[in-house]
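Protein chains in written order, with my numbering: chain A, 516 to 838; chain B, 516 to 838.
Since the hints were made in silico from the structure, they are not lab data. A few of these clues could be false.
If several chains are the same, the list does not tell them apart, and a pair holds so long as it fits within one copy or across any two.
[Claimed, not checked] Derived lysine-lysine pairs resembling DSS-like cross-links, with alpha carbons at most 30 Å apart: (1) K607 - K573; (2) K648 - K633; (3) K580 - K613; (4) K633 - K613; (5) K780 - K679; (6) K522 - K796; (7) K589 - K613; (8) K580 - K522; (9) K633 - K531; (10) K537 - K573; (11) K522 - K793; (12) K830 - K531; (13) K589 - K615; (14) K580 - K615.
Number of protein chains: 2
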Amino acid sequence: MPNAGFKSTRSKISQKISNQSKSELNPDDILMTSGAAGALNVILHSIINEGEEVIIFKPFFPEYKFYVDNHGGKSLFCDFKEDFTPSIDNLKSLISSKTKALILNSPNNPTGVSYPEKILIDICQVVSEAEAKFNSDIFIISDEPYRYLEYEDSNQPFIFDLHKNGIIASSFSKDLSIAGERIGFVALGEKIKDKELIIDALNFSNRTLGFVNAPALGQRLVENSINALADINKYKTKRDYFYSELINFGYEIVRPTGGFYLFPKSPINDIEFTNLLKKEKILVVPGTGFGAPGYFRISYSVDDSVIENSLDGFKKVIKSFKT
Amino acid sequence: MPNAGFKSTRSKISQKISNQSKSELNPDDILMTSGAAGALNVILHSIINEGEEVIIFKPFFPEYKFYVDNHGGKSLFCDFKEDFTPSIDNLKSLISSKTKALILNSPNNPTGVSYPEKILIDICQVVSEAEAKFNSDIFIISDEPYRYLEYEDSNQPFIFDLHKNGIIASSFSKDLSIAGERIGFVALGEKIKDKELIIDALNFSNRTLGFVNAPALGQRLVENSINALADINKYKTKRDYFYSELINFGYEIVRPTGGFYLFPKSPINDIEFTNLLKKEKILVVPGTGFGAPGYFRISYSVDDSVIENSLDGFKKVIKSFKT
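Construct the complete structure from the given sequences, taking the supplied hints into account.
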């Protein structure tokens with residue numbers, strides 16, 4: 516098998532993306548990877564030179580910092596607005612001649628919020644202007660394992676339809692509910708700069724970082740279930756119920772549109788607040804680690820009974836701050 | 516699943532090693548990885564600080580250099596003797612206060628030769644003396660995907676029975692003939708320095724390098740076939756036949772004892788010689804890339820018909836140099 520993976524698997528994925536996007540991909544534009552985490556490391560190893568900068572949008576998946584560090588890059592963090600979309604003004608101030616890439620994550624972990632198309636277009640415009648100004652190429656890496664776990668039919672655009680140097684990192688862990696199998700992919704747009712060179716670099720990186728290739732059984736699995744999707748109505752029902760209950764208790768939450776997270780505001784320091792929840796046997800994650808102090812993350816990818824049994828605890832803790 | 520993998524799988528592997536070695540391992544001494552390549556990267560990321568040195572024995576698997584580079588280490592290469600065992604004198608001259616680790620590979624790719632126990636003991640003695648002299652800890656990493664593909668019942672000792680700071684990196688690709696599934700492991704000896712700290716570092720590295728965990732299906736597979744082994748008699752028959760034929764043609768070869776490689780001497784520059792073989796439609800790899808110019812590698816992990824059909828070409832090319 517080539518380091519890129521089985522051609523038959525890559526063919527299925529390139530067809531699916533070609534059908535859904537405005538781009539025409541072929542199997543060589545796809546590299547099968549050890550999940551989205553593997554995809555991101557392979558991409559960053561391939562494009563970053565020592566000291567180049569990568570802009571990450573807050574709130575962010577905490578591993579991004581390590582991934583950038585692994586390959587000698589430097590992370591910069593872009594602020595967010597109340598609705599969890601990026602501050603375009605802050606992005607403008609961060610982008611420079613040192614910027615090599617941006618990492619987008621929509622639908623987002625930890626917020627569950629998707630960036631509206633308008634925001635994606637604004638981001639791409641800032642990037643294009645910077646490319647022109649600094650005579651550089653800036654890659655927008657869209658990490659999108661939750662693309663098909665969207666509840667509002669947003670049909671999020673494909674990044675390479677909006678920006679020439681767009682790269683997708685994705686995974687089947689959520690689509691097929693197979694977390695742990697480590698199967699994902701990189702997809703390049705048809706017009707990306709130095710495409711052949713990037714494909715060679717991705718293959719080389721996949722091999723020499725020790726991934727070698729994506730697990731063969733996982734590749735066969737996704738090849739044969741390319742259009743399958745976990746029952747997202749189950750997630751949607753959980754979201755609707757859990758969100759409504761927490762709002763009723765007095766929590767302030769931006770309503771998530773995808774994924775399986777809620778990211779409420781914390782009435783006090785988020786680490787202190789999550790410790791209070793822990794005393795009620797509720798495990799949630801402080802926002803500080805996501806670059807968003809003052810919030811906390813709840814995962815609702817759990818049994819209904821777990822959600823139901825947590826409600827009294829959530830109610831009790833917030834009531835003590837709402838008198 | 517913890518980043519280290521399923522406890523049930525780790526338990527089976529630790530039991531197997533405990534039964535075969537002089538050490539008593541428990542499941543927490545095992546970390547399931549994405550093959551031996553993943554294991555080596557996870558180990559090197561966990562133990563190397565920027566600029567520390569790793570000694571690699573020639574002839575070597577070429578990827579080792581990249582693995583060491585990935586984590587800021589510097590590779591040094593130890594010379595070999597005519598029988599493909601390491602030059603202990605050269606090892607003594609290379610080892611220093613900067614040495615953090617050695618990478619051993621026995622049975623060896625590309626030579627197919629196993630290091631005799633006496634050589635392993637000599638290496639360990641040099642390392643122990645250096646540890647005492649420099650008041651340091653030096654890890655010996657034994658990369659041994661071919662351990663169970665031994666034809667001479669050598670019963671190679673386990674590295675942590677010979678050296679306290681011994682670490683095994685291995686894979687099931689060869690044992691079970693499942694190359695491509697990316698399933699392997701790290702095993703630590705019971706007396707390794709700062710064991711808890713190293714286990715934490717291995718778990719962290721497995722996660723943040725983007726491996727996250729070893730593929731779940733692969734873990735289940737090896738858990739349920741822990742004592743299975745590909746039919747090594749098939750390999751042995753191929754080795755015996757191929758080796759005898761080539762020797763008869765006039766090739767000079769150290770007789771391999773394991774794996775599925777032959778590493779003959781080249782009568783001229785190895786790159787030129789392999790190009791002559793290529794004209795006979797025979798694909799072999801020049802020794803230069805393995806740190807051993809003047810040799811070339813043949814893989815006999817192919818159908819018998821491929822071996823048989825190659826013989827005329829091998830004969831023709833060597834005859835032109837043996838008049």
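Verification of the hints:
no., hint, in the structure
1, K607 - K573, "within (15 Å within a copy, 51 Å between copies)"
2, K648 - K633, "within (23 Å within a copy, 65 Å between copies)"
3, K580 - K613, "both (17 Å within a copy, 29 Å between copies)"
4, K633 - K613, "within (26 Å within a copy, 54 Å between copies)"
5, K780 - K679, "neither (36 Å within a copy, 51 Å between copies)"
6, K522 - K796, "between (48 Å within a copy, 25 Å between copies)"
7, K589 - K613, "both (10 Å within a copy, 27 Å between copies)"
8, K580 - K522, "between (32 Å within a copy, 29 Å between copies)"
9, K633 - K531, "within (24 Å within a copy, 58 Å between copies)"
10, K537 - K573, "within (28 Å within a copy, 51 Å between copies)"
11, K522 - K793, "between (48 Å within a copy, 26 Å between copies)"
12, K830 - K531, "neither (44 Å within a copy, 51 Å between copies)"
13, K589 - K615, "both (10 Å within a copy, 27 Å between copies)"
14, K580 - K615, "both (15 Å within a copy, 26 Å between copies)"
This entry does not satisfy hints 5, 12, going by the numbered hints stated previously.
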